[in-house]
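Engineer: Single-letter residue listing:
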Amino acid sequence: MARLSTWQELPAGGAVVAAEAEQPHTGGWRTGLRPDVDLSKCINCLLCWLYCPDSAVELDGTAFAGFDYDFCKGCEICAEACPTGAIEMVAE
Amino acid sequence: MSRLKTLVRNQRGVPPLRGGHSLCQGCGIPVVVRTVLGTIQSPAVVVNATGCLEVATTRYPTTAWNVPWLHVAFENAAAVASGVESAQRALRRRHALRPGEEVAVVVFAGDGGTYDIGLQALSGALERGHRFLFVCYDNEAYMNTGIQRSGATPFAASTTTSPAGLESFGKAQRRKDMTAIAIAHHVPYVAQAAAVHWHDLSRKVERAVAARGPAFLNVLTDCPLGWGHEPRLSAQVLNAAVESRFWPLYEVVDGRYRLTYEPERPVPIETWLGLQQRFAHLVTDGNRQLVDEIQEQVDAEWNALLDRCADDGTS
Amino acid sequence: MSPELLTGGEAVAHAMRQVDPDVVPVYPITPQTPIIQGFAKFVAEGRAQAELVNVESEHSAMSAAIGSALAGARTMTATSSQGLALMAEVVYIAASMRAPVVMALGNRALSGPINIHCDHSDSMLIRDSGVVQLFAENAQEAYDLTVMAPRVAENPDVLLPVLVCLDGFTITHSAEPVELLADEDVGGFVGAYRIPHSVLDVARPATQGPFAMPDYYYEFRRQQSAALEAALPVIADVAADFERLSGRRYRALEPYRLDDAVRVVVALGSTTGTVKDVVDELRDEGRPVGALKIGSFRPFPAAALREAAADAEAVIVLDRADSPGGAPPLFAETAAALYGSGCDLQGHVYGLGGRDLHPEDVRAIFAGGQPVHVGVRGEPCPV
Numbered sequence: 001m002a003r004l005s006t007w008q009e010l011p012a013g014g015a016v017v018a019a020e021a022e023q024p025h026t027g028g029w030r031t032g033l034r035p036d037v038d039l040s041k042c043i044n045c046l047l048c049w050l051y052c053p054d055s056a057v058e059l060d061g062t063a064f065a066g067f068d069y070d071f072c073k074g075c076e077i078c079a080e081a082c083p084t085g086a087i088e089m090v091a092e
Numbered sequence: 001m002s003r004l005k006t007l008v009r010n011q012r013g014v015p016p017l018r019g020g021h022s023l024c025q026g027c028g029i030p031v032v033v034r035t036v037l038g039t040i041q042s043p044a045v046v047v048n049a050t051g052c053l054e055v056a057t058t059r060y061p062t063t064a065w066n067v068p069w070l071h072v073a074f075e076n077a078a079a080v081a082s083g084v085e086s087a088q089r090a091l092r093r094r095h096a097l098r099p100g101e102e103v104a105v106v107v108f109a110g111d112g113g114t115y116d117i118g119l120q121a122l123s124g125a126l127e128r129g130h131r132f133l134f135v136c137y138d139n140e141a142y143m144n145t146g147i148q149r150s151g152a153t154p155f156a157a158s159t160t161t162s163p164a165g166l167e168s169f170g171k172a173q174r175r176k177d178m179t180a181i182a183i184a185h186h187v188p189y190v191a192q193a194a195a196v197h198w199h200d201l202s203r204k205v206e207r208a209v210a211a212r213g214p215a216f217l218n219v220l221t222d223c224p225l226g227w228g229h230e231p232r233l234s235a236q237v238l239n240a241a242v243e244s245r246f247w248p249l250y251e252v253v254d255g256r257y258r259l260t261y262e263p264e265r266p267v268p269i270e271t272w273l274g275l276q277q278r279f280a281h282l283v284t285d286g287n288r289q290l291v292d293e294i295q296e297q298v299d300a301e302w303n304a305l306l307d308r309c310a311d312d313g314t315s
Numbered sequence: 001m002s003p004e005l006l007t008g009g010e011a012v013a014h015a016m017r018q019v020d021p022d023v024v025p026v027y028p029i030t031p032q033t034p035i036i037q038g039f040a041k042f043v044a045e046g047r048a049q050a051e052l053v054n055v056e057s058e059h060s061a062m063s064a065a066i067g068s069a070l071a072g073a074r075t076m077t078a079t080s081s082q083g084l085a086l087m088a089e090v091v092y093i094a095a096s097m098r099a100p101v102v103m104a105l106g107n108r109a110l111s112g113p114i115n116i117h118c119d120h121s122d123s124m125l126i127r128d129s130g131v132v133q134l135f136a137e138n139a140q141e142a143y144d145l146t147v148m149a150p151r152v153a154e155n156p157d158v159l160l161p162v163l164v165c166l167d168g169f170t171i172t173h174s175a176e177p178v179e180l181l182a183d184e185d186v187g188g189f190v191g192a193y194r195i196p197h198s199v200l201d202v203a204r205p206a207t208q209g210p211f212a213m214p215d216y217y218y219e220f221r222r223q224q225s226a227a228l229e230a231a232l233p234v235i236a237d238v239a240a241d242f243e244r245l246s247g248r249r250y251r252a253l254e255p256y257r258l259d260d261a262v263r264v265v266v267a268l269g270s271t272t273g274t275v276k277d278v279v280d281e282l283r284d285e286g287r288p289v290g291a292l293k294i295g296s297f298r299p300f301p302a303a304a305l306r307e308a309a310a311d312a313e314a315v316i317v318l319d320r321a322d323s324p325g326g327a328p329p330l331f332a333e334t335a336a337a338l339y340g341s342g343c344d345l346q347g348h349v350y351g352l353g354g355r356d357l358h359p360e361d362v363r364a365i366f367a368g369g370q371p372v373h374v375g376v377r378g379e380p381c382p383v
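Residue numbers (my numbering), protein chains in the order written: chain A, 1 to 92; chain B, 1 to 315; chain C, 1 to 383.
Since the hints were derived computationally from the structure, they do not count as laboratory data. Just to be clear, a hint being listed does not mean it is correct.
What the hints assert, rightly or not - A few chain A residues that face chain C, going by a derived Cβ cut-off under 7 angstroms, partial list only:
| hint | residue |
| --- | --- |
| 1 | Ala12 |
| 2 | Gly14 |
| 3 | Val17 |
| 4 | Gly85 |
| 5 | Met89 |
If you're wondering where the values come from, they're calculated on a predicted model, not measured in any experiment. All C-beta atoms, glycine included, are put in the ideal place defined by N, C-alpha and C.
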């Protein structure tokens, strides 16, 4: 993360241009479990993508492409939502 | 193409809400936001009332929003949105905007910023007929400040300002029917939804943004911390709300009521109550009559809703 | 153009019509209602093109104004007293979000008791909000300041709300000769509206109104106060441009017959007109007196005041607002500006709740020996 700005460097009113902001990695919130996928069972229903509170399911077009562990907080909702049991929580 | 794939395509590779925010592990709010914004085809601007969503997503200098986003205060999101909507209208009239799609104005507010402190501004905006979508993510208490009771908190729920104890069974008052209040403003579209029925929510969003005037969506949203359940059980809890008819899914289009989901085999209210710590004090012999009272309230409201749907020839 | 007989409220409505804002949220409160009614009539007759938004409270008026201003639309509104008090939270936020809203303030006493007449307590309530506050002496000035205000508000070094303050009833409802500029001259003077980030800019989305922890809040506040300080030279520049257009000159601090003045009265608003008349009378009687009219209360022209009052022996400040338990606001500013200058400093509070200050009262003030609270029944006279 960059050093803290001086008051002269701040944008007027605190407007943050989305493309210029750096997001903190909330993957550090996980407490020992992370989601893992068995692709042979994945049917690309995309429910895990929709339900993930941290937008941490990555897609390739409209195909499941993995988890973004930088942001996954380990809530297990994806594992619960997966209709085929393709997602399991495993030890880090 | 499946609706979910359409939601993905609508993003054009840029998620409207990205990770890196500090909403709780398993928070029920993002799925509401993602479903709403993913459904809207046109560009959108978000006006956010103070609350969990706003605070957790925009700690300077970060932002989880890839859409234009505006926060002013707690009670005035609908008034701020009125200003944005009026500006767009004025600038279009003067040909001062690049030709193109109209930008959808979407408000996200919690139940506090809708039912209580936000009620006046919302009422005014609805009455004036601004073309905007107001989405209440209703998790039934002031969660951001530590789970205090709001006008949306259900009867007998335990919160930090209506705690259950020897002398109290939790909130002594029934919750407001905010959806009915919105309907009373004669706006083109009002609906109740829950993200666990995401397809139903998405279709409602489509109809809401197509309306030529204000649209109000009341979306039941779980809060693992405030409701007292494991985050991973979110869908199970919300399903219990819908299947027990505690939270009916319906829409009102130009004043005509239509039920959009009817549980085949309604479950008893204990199923809904028993899944959450905030109702744990009810599951004792001494409080049996409260559970019965809640069941009666739910049944009465459900039957009244069915009557309204029947009157409108939609059931 | 020959002058028209207009009340201050009507004059401000004309200025708004000529500035031609895009969005005008309105909510009624005496005594500013003639402003919004006059403007609404212009809209209904097609003489103004704004979207008039009849909001359901003043809090929503300023809230809608922020939404509109940050969506790229020039936005104006008006309020008074309790309305300003209700929207106070949002006024602070408008300043911190750098929304260049222009608002007419029909100065009126704050409740309680409820009172609809003039004093400056409403302006003083939001003294620290970070907005610019310009004070009119009469209807002409109310018109002129409203024309100048957008240029001050929208200046990239400022980007702050600007309040044009005009005394309730005394200016808002009194008819005076007012010279209106030509419509096209006002249009050319204010120019196009521009802000750094519009919420309608979907191509380059920005987040506005963030949450700041202790690691950043203070830097934002410092930046904001720098913007308000930067408004002083901007006011001077805009006033110079305006003088070229109208022949009338405005200053953040206007000296009146200060040469060799021994006793000087400092005041805000319509009272400065009364003070100037009394100065003229006393000067005719050979007394070396003068006046200092504060045109801009925020930003306060402290350096200019110190320089202007350098040779005065006694400076007497008239406050039309009180600060119970402490120093009245204009007195406090003046004292801070003049500290160490060696002159004798005295303050009076007058006119609360619309009580008139007559020329004979001002004479007595110049003479000295008046109680701090002028014209209040029951006040003892100092020995």
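Engineer: Just to be careful: measuring from the Cβ of A:Gly85 to every Cβ in chain C, is the smallest value less than 7 angstroms?
Structural biologist: Hint on A:Gly85: violated, closest Cβ of chain C at ~38 angstroms, above 7 angstroms.
Engineer: Double-check A:Val17 for me: the hint is only fine if its C-beta lies closer than 7 angstroms to a C-beta in chain C.
Structural biologist: Holds: closest Cβ of chain C sits about 5 angstroms from A:Val17, inside 7 angstroms.
Engineer: Per the CB criterion, is A:Ala12 less than 7 angstroms away from chain C?
Structural biologist: 5 angstroms, holds
Engineer: Grab the minimum C-beta distance from A:Gly14 to chain C and call the hint holds if it beats 7 angstroms, violated otherwise.
Structural biologist: Holds. Min distance 5 angstroms.
Engineer: Less than 7 angstroms between beta-carbons is the criterion; does A:Met89 satisfy it with respect to chain C?
Structural biologist: 31 angstroms, violated
Violated hints, in rising order: 4, 5; the structure is consistent with all others.
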